[in-house]
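Asks: If you read the protein sequences in the order shown, they are chains A and B. Counted the way the numbering used here counts, the first sequence spans residues 7 to 136. Counted the way the numbering used here counts, the second sequence spans residues 164 to 388.
Keep in mind that the hints were calculated from the coordinates and are not lab data. Any given hint could be a false lead.
Stated by the list, open to error - With a straight-line cut-off of 20 Å between C-alpha atoms, the simulated SDA-like cross-links for lysine to any residue are:
hint, chain 1, residue 1, chain 2, residue 2
1, B, K188, A, L94
2, A, K84, B, S185
3, B, K188, A, A74
To be verified - Residues from chain B shown here face chain A by an in silico Cβ test under 8 Å; the list is partial:
hint, residue
4, V184
5, S185
6, G203
7, T211
8, E217
9, I248
10, I250
11, V254
12, L369
The model shown is predicted, which means the values in this text are computed figures rather than measured ones. The beta-carbon is built from N, C-alpha and C at its ideal position, and this holds for glycine as well.
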Amino acid sequence: MAHSHSATGEKDNSAVKAIWRTFWILLGITVVEVGMAFLHLYTHWPDKLWLNALFILLTFFKAFYIVAEFMHLRHEVKNLIMTILFPLTLFVWFIIAFLADGDSWKNMRRDLAPGTPAAKEAPAQQPAHH
Amino acid sequence: MDNAVTAKKKWWGGGHSPFSVSYGKLMMWYFLISDAFTFGALLISYGTQRFMAEAWPDPNVVFHAFPFMGHMDLPLVFVSLMTFILIMSSVTMVLAVHAGHNHDRKGVVKWLILTIIGGAMFLGCQAWEWTHLHEIGAWWGRNPFNNADGSAAISTNFTDFFFTITGFHGVHVTSGVVLNIIVLINVLKGTYEQRGHYEMVEKVGLYWHFVDLVWVFVFTCFYLL
Chain A
7 MAHSHSATGE KDNSAVKAIW RTFWILLGIT VVEVGMAFLH LYTHWPDKLW LNALFILLTF
67 FKAFYIVAEF MHLRHEVKNL IMTILFPLTL FVWFIIAFLA DGDSWKNMRR DLAPGTPAAK
127 EAPAQQPAHH
Chain B
164 MDNAVTAKKK WWGGGHSPFS VSYGKLMMWY FLISDAFTFG ALLISYGTQR FMAEAWPDPN
224 VVFHAFPFMG HMDLPLVFVS LMTFILIMSS VTMVLAVHAG HNHDRKGVVK WLILTIIGGA
284 MFLGCQAWEW THLHEIGAWW GRNPFNNADG SAAISTNFTD FFFTITGFHG VHVTSGVVLN
344 IIVLINVLKG TYEQRGHYEM VEKVGLYWHF VDLVWVFVFT CFYLL
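Please work from the sequences and hints to get the whole structure.
Replies: Below you can see the structure in the form of structure tokens.
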């Protein structure tokens, strides 16, 4: 969506409209998030895992609208968009690696805590079969 | 824009800005990327600790108070108000930037003042929230909250991360308000009118929206998940 700043009244109006539309989208998403949190609080539906997935998805929607519209990134040159967004893909590795590491620590601490009975190993004595 | 790149020109041939933005704006973007990694590191280490823990407090139990409402149980309501205030101040900031494009000095002043008020309101809310939590015994190194499964807390990770991350965000909001005030003074003095453009408003605007963006993630990570 190319969009020039020639100050004709029509374009001016549509720019302001776009700002308020973004505001209503952000507000709407936040209301949905809080509403879902209350729904879960009172009915225990949906399941916490699905609810969290929904929250994260909606968070990314909000992030997209703030960066694209309020920070105007969507209307910048493609090269600029790429130099800004590309380094952020590191977060994909970052999040997966660290959360998996945390989960693994939790399991090790639980399984290897003093007094924990040794896990029943799969029949390890079986001769290797060829 | 006069330095826009047409199809016939070469992107990196020199003589124009290949990104079609000024040096200052580009550097603000790159600063914000580095800041995003700082906040990302904090939030991911919070997530790692949370994944490592057997049990964790329930945010709906911890954050349920509202000013002047006594002991009423109002989970999420106060923080929703804070979120609304910050989104609203982001809107007034874009409107200030927009007025700057049109060289509408009065408009810039009006919207900047509203943005500053919004930022101050958010900080006031955060001050109240911190004071309330401190009164019920929460602080760095002190975690009075039971875990969601009813067991007593065995570490202070929850409060440590909460105060560190919301505090770091609060410092960003504070410096954003200060920057907005400085820019407002310059607008009133006519500095940007003389300069011929209001780009400085855009630069602090980028910073301000970033602070709002971080809050979106803090809100999800601490209050919703």
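Asks: Next step is simple, just say for each hint if it's right about the structure.
Replies: Results of checking the hints against the structure:
no.	hint	verdict
1	K188(B) - L94(A)	holds, 19 Å
2	K84(A) - S185(B)	holds, 15 Å
3	K188(B) - A74(A)	holds, 15 Å
4	V184	holds, 6 Å
5	S185	violated, 12 Å
6	G203	holds, 6 Å
7	T211	holds, 4 Å
8	E217	holds, 7 Å
9	I248	violated, 11 Å
10	I250	holds, 5 Å
11	V254	holds, 5 Å
12	L369	holds, 6 Å
Violation of the numbered hints given earlier is confined to hints 5 and 9; the remaining hints are satisfied by the structure.
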